[in-house]
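Sequences and hints are given; from them, build the entire structure.
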Amino acid sequence: MIEIVNITKHFEDICALNKVSASFPEGEISVILGTSGSGKSTLVRIIGGIVRPDGGAVIVDDMPVYDNETVGQRIFLIPEEPYSPRYMSTAELVKFYAGKYEGYDEERLKALCDSCSVPMKTPIRKLEKNKGLLAHLAIAVSMKVKYLICDDIFSSMDENSRKLAAQMISSAVRDWGITAVIALPDTDLLPNISGKTYELETVCRS
Amino acid sequence: MNWKLFADHKRRILISLGFALLIVAVYSGAMLLRYGVRGEIPFYEVKPLTENFCIVTLVLAVFIGAYGFSYLHSMKRVDFYHSLPVTAEKRFRSIYLNTCSFYFMGIIVALAVCLMFGVPAGNPGPAAFARSGMALVLTVLLFLTILNITVYAFTLSGNTVIAILIDIVLIFYIDLWERVIELTCDFATHSTFFATKRPDISVIDIYLGAMYPTIRSDVSLSVSAGFFARACIKLFIWATITFVMCRRKYLRRPAEAARSLVAFYSSHMLIKLMVVVPVALLMGNSTYDSFYEYRNVMQIISMILTAIVVSILVEILFSRSLSAAVRKWGSIIFALFVIFTIFGIMRGVEKKYNAYVPATGELESYAVFDPLDSYYYGFNLNFDEDGHVYDYLDAAEYVKENMILTDTEAILKLAGRSVEKDYHEMMSPLPLQVHYRLNNGTVRNRLIWIDMENSGNRKMLNRIVGPAYYKEGIWQAFTENVPEDANVTSIDYHDLMEDEYRHVGEGRESANKLISVWRDAMTMYDYDHVRYKEVAAEIEVHFDGGMYMWVLPLYEDMINEFGEAMLESIE
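Those protein sequence lines, which keep their order, are chains A and B.
Each residue of the first sequence is one higher than the one before, starting from 1 at the first, in the working numbering.
Each residue of the second sequence is one higher than the one before, starting from 1 at the first, in the working numbering.
No false leads were mixed into what you were given.
List time: in silico EDC-like cross-link candidates among lysine to aspartate or glutamate, alpha-carbon distance up to 20 Å:
#1 B:K328 - A:D13
#2 A:K131 - A:D158
#3 A:K100 - B:E89
Covered stretches of chain A, as calculated for chain B (at least 3 residues, CB under 8 Å):
#4 50–59
#5 75–85
Simulated from the structure, these hints should not be mistaken for lab results.
Every residue, glycine too, gets a C-beta built ideally from N, C-alpha and C.
Below, the structure written as structure tokens:
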């Protein structure tokens with residue numbers, strides 16, 4: 001389970017997050033809702049262990065997340081603008097990740113790429129934007145991880161791609177037991193996703 | 001260790017090969033390839049060669065460091081690499097070693113090329129291998145230090161352009177402060193006997209100071225090894241300190257700093273002070289030297305204005321807003337406080353230092369050196385049994401060893417008068433380096449200024465420089481003849497007024513005859529008639545094919561009096 005307790009984060013004079021608390025149960029989809037500038041991306045990065053909060057803690061399976069390799073092995077983070085090294089294709093990028101995590105499901109990845117018509121041998125940067133984002137999502141879902149943390153990559157997708165994305169995430173949770181935490185500005189973006197919703201402005205503040 | 005933390009290995013290999021080619025092109029000249037072909041590196045080729053090493057190493061280290069750590073300035077790339085399940089410590093280690101591997105792969109390929117082509121072309125010998133090895137170690141240590149500084153700069157900032165600017169400032173920061181101290185406090189260079197005691201602190205000074213004697217074939221291997229060992233220790237300490245600093249900064253760097261110009265808010269003020277303070281002090285010194293009247297007031301105004309302008313410029317770089325920059329007047333006031341505190345301390349210390357004059361009974365003997373004289377005396381040579389020059393003595397060391405003046409009254413009077421009057425107020429100031437030897441065995445070095453308009457001062461000077469033992473302490477030719485078997489390849493006359501060179505003779509006998517007449521001419525040497533004017537000509541006695549020479553100055557009055565006798569001596 002992922003638990004966030006009194007997370008506070010400031011950027012110079014701006015308070016991005018003020019004592020935010022929540023828990024995201026295992027085997028489910030949790031949605032963090034918030035408008036632009038509400039601190040969704042910051043919270044996602046904190047949960048993913050990239051950014052250290054000024055106050056509070058993120059506990060994953062009873063362990064702190066920040067700079068923790070054991071916890072890191074269980075989490076896969078997709079940021080709002082995913083990066084892929086130049087010339088790296090989906091097949092190459094997944095092998096790069098596989099060296100860091102406990103491996104990936106090759107069959108699963110192939111099936112997902114086929115269903116989204118994502119060519120595996122073409123450099124991701126050369127793919128059309130929607131396909132590129134779906135490629136990243138397919139890689140994330142194929143990794144043998146317990147938690148998928150996904151920032152808002154959906155706002156920049158077209159409707160068809162969002163449907164494919166929603167299917168991927170739902171089947172990952174349903175069939176492979178992944179816990180997904182996704183950040184969205186609006187639930188209408190992914191109407192096919194059902195899960196607990198946490199509105200960032202009104203999430204528990206102790 | 002995860003060597004594959006960085007993706008895109010093909011590009012890495014290509015870049016490494018590119019560096020290898022560059023290293024071969026620059027390093028091969030002085031490493032085994034040149035040794036193999038030439039057998040040695042003459043001393044007159046050393047300087048540009050070692051500076052090439054230095055510049056290329058600097059550029060490579062900055063480029064490689066930037067290549068490895070510039071990802072910190074892109075939020076996308078930070079998200080990518082920092083989301084991987086690797087601790088920050090392991091990540092740093094992996095990126096750092098990957099980054100270094102570019103350079104080391106290049107060095108290995110370069111060495112292989114040198115060995116392949118250089119060794120079959122000639123027989124370098126074990127000394128050449130030893131020198132190449134020492135040069136390589138020094139260059140690697142320099143590379144690592146500059147690399148660490150670059151990494152530190154890139155972790156300090158969230159912007160690549162700002163990081164490179166910070167990097168350049170940091171690399172040359174000690175050199176910058178040495179210049180500030182040199183200008184603000186005269187004692188730093190003037191009051192040290194020929195500035196020989198000033199230790200090399202900056203990495204570039206340490207490197208260049210050791211590389212010259214290390215790769216020169218005319219310096220004995222044991223002497224080279226001594227220079228190498230001392231420089232090695234200093235560079236190793238620098239490399240270690242900078243490594244610890246850059247690693248610590250990397251581990252503490254917030255990931256979100258990719259957005260901002262300065263990664264650590266607390267570093268903001270420090271970076272500003274690091275730039276504003278030395279620049280303001282330098283501008284103040286420059287203004288002081290440019291004005292004759294009201295120079296002290298102009299210096300202060302200049303420092304204040306520079307501090308304000310540079311503070312605002314730095315703040316604009318950080319905040320990207322002129323109004324925000326101008327609002328931060330508190331930091332400008334603090335910067336001014338720091339500037340004037342440092343300025344006050346430096347001036348106070350300098351005043352006290354320069355005001356030192358030994359007490360009358362304290363001084364045993366002394367040596368003096370008029371800096372202008374040093375220009376005219378060439379080398380102080382050590383000859384072997386066969387008359388060949390195997391070593392030479394630095395000008396300062398020769399004077400300190402050979403000049404023992406005991407007219408303490410004269411020098412103490414001159415030193416006392418020097419303290420009473422600022423040399424800027426003198427119409428004809430003469431700087432004189434003094435090496436005091438005290439009764440208790442200690443030595444002190446100071447620069448004193450003599451007002452040459454004062455006839456009393458000139459009388460004192462003549463008491464010091466008139467007698468033979470002054471000249472014996474400066475010019476080797478005053479006491480020594482050209483040794484038996486020494487090879488005097490040429491005697492030349494250089495007319496400084498007409499700027500003409502004339503070959504007038506060769507051989508030991510002619511040289512000794514000419515030197516004998518010159519010694520007679522030098523009895524005219526004093527500050528009233530002779531020394532007050534410019535040197536009119538030089539006699540150059542060249543040894544060993546021109547590599548070494550004695551230079552004997554001639555003043556106009558001496559030429560008028562002894563010119564014919566000199567000509568007769570070489571006919």
